[in-house]
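**Q** In case you want the letters, here they are:
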Amino acid sequence: MSLSFSDDMLKEVQRIVESYPQGKQKSALIPVLHIAQQEFGGWLSTETMDYVATLLGLKPIEVYEVATFYSMFNLKPVGKYMFEICQTGPCMLNGSDEIVAYIYEKLGIKPGETTTDGMFTLKTVECLGACGYAPMMQQGKHYREHLTKEKIDTIVDECWGMLYKIIKNKIFPLGDRGYMGRKLLLEKLTLKASGSMSVPP
Amino acid sequence: MEFFGKTGRSARYLVVNADESEPGTFKDRYLMEFIPHLLIEGMITASYALGSKCSYIYIRGEYAWIVDILEQAIAEAKNNGWLGKNILGTGYDLEIYVQRGAGAYICGEETALLESLEGKRGNPRIKPPFPAVRGLWDCPTVVNNVETIAAVVPIINEGGEEYAKIGVGKSTGTKLISACGNIKKPGVYEIDMTISVEEFIYSDEYCGGMANGRKLKACIPGGSSVPILPANLLLKTAKGETRYMNYESLADGGFATGSMMGSGGFIVIDDSQCIVRHTYTLARFYRHESCGQCSPCREGTGWMEKILWNLETGKGKMGDIDLLWDIQRKIEGNTICPLGDAAAWPVAAAIRHFRDEFEWHVTNPDDAQRRNYGIGHYANPIPVPVTA
Amino acid sequence: MADEVKKEVPARFKVTIDNITIEVAPGTTILNAARQIGGDVTPPAMCYYSKLQGSGGKCRTCLVEVEAGSAADPRPMPKLVASCRTAVMDGMVLKNITSERVLDARAGVVEFLLLNHPLDCPICDQAGECHLQDLGYEHGKEGTRYEFKRRTFEKEDIGPYIQLHMTRCILCYRCTYVADQLTDNRVHGVLERRDHAEISTYISKAIDSDFSGNMIDVCPVGALTDKTFRFKNRVWFTKPVDAHRDCENPKCCGKVTLWQRGDDVLRVTARKDQWGEVQSFDGKPGWICNTCRFDKKHSNDWVVEGPTKVSRHSVISQGHYIDMQMPKEIMPEVMGGRAPKLLMDIQDISEVNSVDIGLLPGPATSKTFEKKEQ
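Protein chains in written order, with numbering that gives the first Met the number 0: chain E, 0 to 200; chain F, 0 to 387; chain P, 0 to 373.
So that you can see chain E by itself, here it is in the shape it has in the complex (with noise of 0.2 Å):
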């Protein structure tokens, strides 16, 4: 199996097996599928379900069984960041189709799609409770709220923020305090961000 937690992640994986009794490794199932998505690219791969499976001693099918169910874990790849938009109810009398209408106008992505460089995803999701804090969406570990369509362009600069930090770190993984980080700095400086991405300037 060419997929493996790396030993800090196989740590949390017995921290949270030891929350149960003995027997009962079962019910980290969940806990420990959010670890593998999170780790392994944002979604559940077969290949990343049956590892799972193997870790807890469990049969391949229950752990398809489960992450089948639950609407947070992604059986398809997604986009770098994925924008979950609240649209019932409460968020929907504050406005959630218009969000999701100005991010089609913005990004070109209707719900379910993912735009063509594979950085953002659109997903509408039902209630997310935080409806007095309407319209909203979770993004990533957060949520964001009383969402407007200036505060969707501010979310989408983040994010390419985010991503350029993250390709600079990998470029000089020292930083621009280390000697190596000044050194490769000089050095690489005409490089490119990045092959497939384009990074904005």
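Calculated from the structure, these hints are not laboratory results.
Take these hints with a grain of salt, some might be off.
For each label pair, taking beta carbons as the anchor points, the in silico distance ranges come out as [said to hold, decoys possible]:
| no. | chain 1 | residue 1 | chain 2 | residue 2 | range |
| --- | --- | --- | --- | --- | --- |
| 1 | F | 33 | E | 163 | 31 to 39 Å |
| 2 | P | 126 | E | 157 | 54 to 62 Å |
| 3 | E | 145 | P | 159 | 53 to 61 Å |
| 4 | P | 159 | E | 13 | 38 to 46 Å |
| 5 | P | 142 | F | 253 | 32 to 40 Å |
| 6 | P | 126 | F | 317 | 35 to 43 Å |
| 7 | P | 142 | F | 247 | 40 to 48 Å |
Cβ atoms here follow ideal geometry from the backbone N, Cα and C, with glycine treated the same way.
Based on these hints, arrange chains F and P on the given structure of chain E.
**A** Showing chains F and P alone in chain E's frame:
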């Protein structure tokens, strides 16, 4: 964890239901995000009373950052000796763990929650046996909401009788209301259940009135699954009495002219909104969240959504309204868990009180695409029935 | 549940269902109590299977009204209860077919179950022994009010023995219990949720284990059918006979029903009782292994015991009246003295029996029975 085996008795568990997903409800989030120690303290007290040595908080998966907050609070409690082994020298051990769900409204149902906590699909169990007899890993389990467990703290501190002096009638104590929708100040409010609905919506202390100078059209007073009420039935009961924000008064008139306190999710709808569209979004929600285990809910929720979509987009027929009524009637009460009822009630209440608006959508399909029905007669005072 | 009610309660519980009183053992479910009475009083059950632990409660066809909860607490229950998963109490009074509420709710459930059902009975191998057909016939209403496209699924191949038609599935979960309780490795399960829930292996894996064939027997509809019998014949054209063999597999009971056409064994199934469930022998459910079911398709593999008594299930019993004689003397009377011609053996005339249908790779067509030049 071996001590369960050593004592030779079957373990008991306290599980806190923090899978808050009812549209309109976000009070537990407030409690956990800003005063997590209230919940932890309540859990310690309740676990001690139950004799549970291991308690779980099942939190909805989307509240990912709140998991960190709770885990930090648990660590703080442990550092102070309020959790862990031999708490405050009493010899009582307790561990609290936070379990994250992964996006399923149905896991708010207690047996589905336990299934999910066991690492399975969130399919509600068939009751009996109830969780108190056979719950988590077949052991006796108490499942309670965050707000309930948090309320343990003031009840213990002040004494039950003292706490019960707050409020009125059977609605004693305080209640968290999460207000949202078209109001000026959405948010979580703690009320003592003596104020009127009118005061709650219009006073600056609470919701601050309708947003954008609009008029009140309707309101769902207890989370999306309870019946919606038009403005005239919301502020006054069918008998013409003032309606108060408490269990009895909100339920006055039964489902015919009343509603329920439910989860305290107070959704206010103004006159620029379309009830058909709103009902459609709720039907879509319940379809999306149905676990698909029992046939009335699995098939019925999808059917209702499709019919409501037709009505909303101007493709509906007059017969569809009666058909919707019949479908919801056949779902209600015939399912394994209350999700079937929760899916049926909003549709039933919308048809009961807003039938004209549904009919208008059928008779004026083009108009319905361009504008909303408006406030109609829903705010007109209702004639007080003359009783002998 | 039997342990909870042990001491202070009587040894037998008195239950009244539709005004018929019966005494049953404590811990019996309402459905099983009704089955002891039998007849129309018995609620239909699509998902409950007495031989599979944990089954039941899902389809909601067996709902009954509780008029009095028990002798100790005679209050009625507000909701209809699932009779397959509710244990009886002493002095319980129940209404099944005498309750308008139950009949109405049941008609609703039938409508829901048929909502997305493809109604492809004419090409379905289960037709004739399908519980959903019976249910629709007995408890359903004419026509449907559903005007939308019916749900479809991607087709999945689950191996050489079992054919999966997900569109026909009613999600009774019985097959998952079979896989859990009879086989050592479950590779299929219920995926997705809401009305997208489906039986699948997720990765199109072959379901392959000694007892997997029993899923076909427990499936109440045509979702799981025998691939080796696919399109070979209609069940009502075949003749069921009881047979047995000494099976090497210790868990296999070896007592089966052979579905024959002429001398050909077209299909082998476990023996079913009057509720459509696998019969028990010596207190043990008579599950059969895949070797008996799929590989022993010759009459000389088996010791035939005699014709199967088909008691309940609709069209299969047509033409198989045991111990009945054609009333020959009446026919000329009815037909004005003319001798009836209709008693010809259609199978003989068409020479259907000259072809070993069991060996045909696909469905039989008219070409199969063409008279060959001599």
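**Q** A separate judgement is required for each hint: does it hold in the structure or not?
**A** Cross-check of the supplied hints:
1. At roughly 34 Å, the beta carbons of residue 33 of chain F and residue 163 of chain E sit within the given window of 31 to 39 Å.
2. Judged by the Cβ atoms, the range 54 to 62 Å given for residue 126 of chain P and residue 157 of chain E holds: they are separated by roughly 60 Å.
3. Residue 145 of chain E and residue 159 of chain P have their C-beta atoms about 58 Å apart, which keeps the hinted 53 to 61 Å range intact.
4. About 42 Å separates the C-beta atoms of residue 159 of chain P and residue 13 of chain E, a value consistent with the hinted range of 38 to 46 Å.
5. Under the hint 32 to 40 Å, the C-beta atoms of residue 142 of chain P and residue 253 of chain F, about 34 Å apart, fit the expected range.
6. As the Cβ distance of residue 126 of chain P to residue 317 of chain F is approximately 37 Å, the hint placing it in 35 to 43 Å holds.
7. Hint check: residue 142 of chain P to residue 247 of chain F, Cβ distance near 45 Å, so the stated range 40 to 48 Å holds.
In this structure, every one of the numbered hints holds.
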